[in-house]
Structure formats: C-alpha cells, structure tokens
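Peer 1: Chain by chain, the residues run as shown.
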Amino acid sequence: MMDWLNFLFGVEVAVGGLLSGVMYALVAIGFVLIYKTSGVLNFAQGAMVLFAALTFVSLIERGVPFWLAIVFTLAVMTMLGFAIERSVLRPLTNRSPMVLFMATLGLSYVIEGAAQLIWGTQVHRLDLGISNEPIDFGGIYVSQFDLAAAAIAAAMVAALTLFFRFTRTGLSFRAVADDTFAATAVGLRLNLIRSTVWTAAGFVALVAGLLWGARLGVQFSLSVVVLKALPVLVLGGFDSILGAIVAGLMIGASEKLAEVYLGPYVGGGIESWFAYAVALVVLLVRPSGLFGTKLVERY
Amino acid sequence: MGTLLQFERVSAVYGGSVSALTEISFRVEEGAFVALLGANGAGKSTTLKAASNLLPAERGRVTGGDILFAGDDVTRIDPARHIRAGLVPVLEGRRLFRALSIEENLVTGAIGRGFGHRRIAEGLDRVYDLFPRLKQRRRSVAGLTSGGEQQMAAIGRGLMAEPRLFVLDEPSMGLAPLVVAEIFDALSRLNREEGVTLLVAEQNSSVALRHADWAVVLETGRSSLSGRAADLIARADVQDSYFGGAVV
Ligand SMILES: Nc1ncnc2c1ncn2[C@@H]1O[C@H](COP(=O)(O)OP(=O)(O)O)[C@@H](O)[C@H]1O
Ligand SMILES: [Mg+2]
Chain H
1 MMDWLNFLFG VEVAVGGLLS GVMYALVAIG FVLIYKTSGV LNFAQGAMVL FAALTFVSLI
61 ERGVPFWLAI VFTLAVMTML GFAIERSVLR PLTNRSPMVL FMATLGLSYV IEGAAQLIWG
121 TQVHRLDLGI SNEPIDFGGI YVSQFDLAAA AIAAAMVAAL TLFFRFTRTG LSFRAVADDT
181 FAATAVGLRL NLIRSTVWTA AGFVALVAGL LWGARLGVQF SLSVVVLKAL PVLVLGGFDS
241 ILGAIVAGLM IGASEKLAEV YLGPYVGGGI ESWFAYAVAL VVLLVRPSGL FGTKLVERY
Chain Y
1 MGTLLQFERV SAVYGGSVSA LTEISFRVEE GAFVALLGAN GAGKSTTLKA ASNLLPAERG
61 RVTGGDILFA GDDVTRIDPA RHIRAGLVPV LEGRRLFRAL SIEENLVTGA IGRGFGHRRI
121 AEGLDRVYDL FPRLKQRRRS VAGLTSGGEQ QMAAIGRGLM AEPRLFVLDE PSMGLAPLVV
181 AEIFDALSRL NREEGVTLLV AEQNSSVALR HADWAVVLET GRSSLSGRAA DLIARADVQD
241 SYFGGAVV
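Residue numbers (full-length UniProt numbering), protein chains in the order written: chain H, 1 to 299; chain Y, 1 to 248.
Only chain H is shown next, with the shape it has when bound in the complex (with noise of 0.2 Å):
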C-alpha cells in the first residue's frame, strides 16, 4: 500500500514537472523559429514575451474585454516584430552570428525600458479564468490550470506545424531555414518570410506571456523566462521546434523529480540549476543537442 502511494506520488511530481516542462517549450519555440529564418539567437524573446503580458494586463485592467485585448496585444505584438526585423535585423543582415546577438540583447533592454515606461513598474496580477483547483485522476492529483496551458500549448503547436506543412509560405519559410542562398536564387522573398516569422514569434510570446503571466504575476522577473529556454533549446538543438517541446517536457519531469527524489541528499534547491546542470552535459556529448541539424548527405 505504501509502495502504491508512493508511486503515485511520483507520477504526480512528473506530471507537474511534464506540465511545466510546456511552458518552457512555448518560449523555446518561439527562439527556435527566428533561429532557423535569421540565425540569430534572439535574446530579446523573453523581453516579447512580458512586453506581451504587460499590453494584455494592462488593457484588462482599463477595463477592455478579454478578447478584444487578445486580439489588440496580438496586433501589437505583430507590430513589433515586424519593427524588430526591419529596424534591427535587416541592415544587419549577413553580420556575424555574435553580432546579431549582442544587437538583440541590447533590443531586450530597449523593449523593458518601453515597457516600464508604458506601463509602469508594478506587478500585476492576472486572471485567465482558469481554475488552478487540481483535478483527481484516479489517485493522482494534476492541477487544472496546467492542463489547461498545456492544451493550449498543443494547440499552438499544432496550428504553427499545419502552417509550416501545409502553406506556401511555410514552405518558403523551411527554404529559408535550409539554405538562404538557395533561396534567394530561386527568388523566394526573405523579407516577408522573415517578417511572417518574426510575427508568429511574437504570437508565440503573447501565449507564453499569458500562461507564465497568470502563474507567476506579470513583472520584470518574467523577462527571466529566457534563461530557463536557454538549457531547454541546449537539449533540444537550436533548430528543431520538435526538439524544443521534447526537451521542454524532459526538462520539466526531470527537474522536479530530481528535486523530490534527490533534493533531500544534497538539501534541496535542485530545480534551480538542474536544468544547466543537463545543458552542460549535452553540450560536451552532443553540442548539436537531441534533434539539431547533422547534415543529412549522400555523394
């Protein structure tokens, strides 16, 4: 009896981890998307993601209705994707990759700046209307509000991949992604291609910034976000948006088991650098990470 409890325990820790591992998918897969069009590794994705949660709480709060501000923060956020790219990243174009970086960084503290001006400095709090009671499932307890993310979060997921099938531009945009020179030989237009993606990466940021908004309070700290992407995309390959919800989901389950199962031995505290603690190891066995590009070849 003791031995069934505890196991179901355990599948409780990494179903919560599982669930969370979500959310740090949903903001890989916005850095995976401007990786594989630009090749830049675009710092300033968390910064999108709170100037995201900050222009949707922040209408709520002056009383907009919920989909009205949706809608709103999503054409704002397209907005400012497009600026980025036209403004920061095209006259930039063909710099090296280290260039791009330090230029997004730099973005990032321009776009918190503007959100601090805008909207001010204090932590809002936000409400999706989801539930966070958990929800019994036969013995194992799963909160709602993370199923809920998390069917949200596939959603996406699923209509980003239709997308990229299915479409026109999907396909110009995988052209692009594999080799730009090709692509602009064969006459594909990357400036819309790369201003398609820098949108549907600030759609990206309005739906991570909502999920981890209403979790954490919508603040500066939200910004940090990043920084837990960044072991998640080591794991998964830069280029992979597969890689990116895999290793989203392994990262979330193992860092809360490793903190139940092993925290009490080394006094706890695992959660908070487990995670880089994996990075590092992949980075010395396998620096392209589990779904990164290898060349696919034959002579």
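Treat the hints as calculated values from the structure; they're not laboratory data.
Ideal Cβ positions, reconstructed from N, Cα and C, are used throughout, including at glycine.
One or more hints might be untrue.
Computed footprint of chain H on chain Y, listed as stretches where at least three residues anywhere in the stretch have a Cβ under 8 Å from a Cβ of chain H [to be verified]:
(1) 54-66
(2) 72-82
(3) 90-100
(4) 106-119
Sample of chain H residues with no beta-carbon within 12 Å of chain Y, all distances over it, derived [stated by the list, open to error]:
(5) A69
(6) L92
(7) Q116
(8) L171
(9) F181
(10) S221
Here are a few chain H residues that face chain Y, going by a calculated C-beta distance under 10 Å [claimed, not checked]:
(11) P97
(12) G120
(13) T169
(14) S172
(15) A175
(16) A177
(17) D178
(18) D179
(19) T184
(20) A185
(21) L242
Chain Y with the ligands: place on chain H using the hints.
Peer 2: Chain Y with the ligands alone, transformed into the frame defined by chain H:
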C-alpha cells in the same frame, strides 16, 4: 530574335579587392544554347552570379560595365525580380533544400516566380515528363537522393519558374558520364523543343561543346575567345590550353 543577355566590359571583385572578372563581354542570342567554358577559377560562376545579381550575398560586387537582359540594365536589380523577368539560375553544386522533399524543392521554384496552384501543377507535370526519375523520388528527402537526381531536381526547380533564359552552373559536376549525357540531352530538348535560351557554364568542355551551338571561353577572368561550338570542337589544341585539359 534579338540579344537576350549582354555583358559589356563587366568587371567584378570579391571582398572589395579580389578581382574575379576583368572587362568581360559576350552576348547570348534569344533561342541559343551557349556554353561558358574555362578552367577552374576562370570566373564562370562569378559571371553567372553577376547575371543574377547574386554576388552581394557572397560579399562580391560588379565594379564596372553593364549587364543587359532583354535590353534592360539589370546590374542592380534584386534576384527575385530577375526570376520574375524570366532569368532563372541553377546554382553550382545544385544547392537543393536538403531537408525538403524533391517535390517540395520543385514547388519552391514556382513560388519564387509567384505562381499559384494551377501553374504549380502544370510545372510539376512538365518536370516529371522531362525527368521521370524525379516522379518516383518525389517524396524522398532531397539530401538523401543521388547526385544525378539532385541535379535533375535542381534543374526542375528552375524550370518551375518557366525560364526565358536558363542559366546553369556546371550541371555535370561530380556526375557519372551516363548521367551527364542524360542531363545534357534533356537540356538540348528544352532548347530545341520549347525554345528555352540556355547559358551553361562547364569545365567539361567536350560534352558542353557537343550540345551547345555557341561557346564563350574565359581565362583568368577575361573573355579570351568565342565562336561556334562546332568550330571550337575541331581545335583540340584550344581545348588543351584553355580548358586545362579537362576533356572527358
Ligand atoms: N566567394 C568568393 N570570395 C572570394 N573569392 C572568390 C569567391 N568565389 C570565387 N572567388 C575567386 O574568383 C575567381 C573566379 O572564381 P569562380 O567564378 O568561382 O571560377 P569558376 O566558376 O570558373 O571555377 C577565383 O580566383 C576564385 O578564387
Ligand atoms: Mg564555378
């Protein structure tokens, strides 16, 4: 029939200083099959990239002269607009999108010209007609197909844009003689039966001269000789000195 492509004393450099082309001049008449010959490093690829304005992407640029396509100066026109005007390149080394399927690669060629579903379907039929092997391999990941299939797909991708001037860079590179023959036969058919004008860079001068009707020879970035292919074939001495003995 007039002149479709004209190079007038065109010079080009890489990285601001490395000179790759010095005042080269030549013409491609509408309906012709022109071979651009020369040893490795002679400047064939640079010439073709200059024609499609692809040099900036490799940190190169045209420093002098004029490139005219159908009478218009196209020296500084964006590559996507070249495609829409009908000047379509097939790059050296094929450069397929490796993670995409063969058919997806073909479709990108039509998207590049802004074609919709109907033109895409027609284009696929035309390409599969020319290269039946591609039809069998249409769902294969491009990076995992053979070199010959990749070259056919690269040519097919270009055809999807319905070129008026089709510009190919060393389609024979790294392929077995039988496959090379198959590819050049297909090019000849495009030229004869559909009237597509061809400009084909080759190191493999004997195959190119057998199929082309006009040839331009480059030597260290200068146009050194041009003439009817049939006349050049006869001059084996020329082949040795200009083509670095690369006669297969
Ligand atoms: N990307 C590049 N950067 C610098 N130099 C280049 C580049 N590509 C070609 N070159 C130089 O330009 C000259 C012509 O090269 P290329 O046009 O590729 O010749 P070919 O296609 O006839 O072999 C060569 O001297 C080559 O080294
Ligand atoms: Mg070459």
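Peer 1: Is it correct that the beta-carbon of A69 (chain H) has no partner in chain Y closer than or equal to 12 Å?
Peer 2: Its Cβ never comes within 12 Å of chain Y, the nearest being 36 Å, so this holds.
Peer 1: So, S172 (chain H) near chain Y? Judge it on the closest CB pair being under 10 Å.
Peer 2: holds, 6 Å
Peer 1: Can we keep the L242 (chain H) interface hint, with Cβ of chain Y closer than 10 Å?
Peer 2: violated, 13 Å
Peer 1: So, as I understand it, the hint says A185 (chain H) touches chain Y; can you test that by seeing if any CB pair is closer than 10 Å?
Peer 2: holds, 5 Å
Peer 1: Please settle this one: L171 (chain H) was flagged as non-interface, so is its CB more than 12 Å from every CB on chain Y?
Peer 2: violated, 6 Å
Peer 1: If you look at each residue in the segment 106-119 of chain Y, do at least three have a Cβ nearer than 8 Å to any Cβ of chain H?
Peer 2: With 6 residues in contact (Cβ-Cβ under 8 Å with chain H), the coverage given for the segment 106-119 of chain Y holds.
Peer 1: Per the stated criterion, does the least C-beta distance between Q116 (chain H) and chain Y lie above 12 Å, as a non-interface residue requires?
Peer 2: Nearest chain Y Cβ is 39 Å from Q116 (chain H), so the label holds.
Peer 1: Is the interface hint satisfied for D178 (chain H)? The criterion is a beta-carbon contact with chain Y at less than 10 Å.
Peer 2: holds, 4 Å
Peer 1: For the segment 90-100 of chain Y, do at least 3 residues have a Cβ located nearer than 8 Å to some Cβ of chain H?
Peer 2: holds (count 7)
Peer 1: Taking C-beta pairs only, is S221 (chain H) more than 12 Å away from all of chain Y?
Peer 2: Fine: 37 Å to the nearest Cβ keeps S221 (chain H) off the interface.
Peer 1: Taking 10 Å as the limit, does the beta-carbon of T169 (chain H) come near enough to a beta-carbon in chain Y?
Peer 2: T169 (chain H) check passes; min Cβ-Cβ to chain Y is 9 Å, inside 10 Å.
Peer 1: Should the hint that A177 (chain H) touches chain Y count as held when the rule is a Cβ pair under 10 Å?
Peer 2: Status holds, d = 8 Å.
Checked against the numbered hints given earlier, this structure breaks hints 8, 9, 11, 12, 21; the rest are met.
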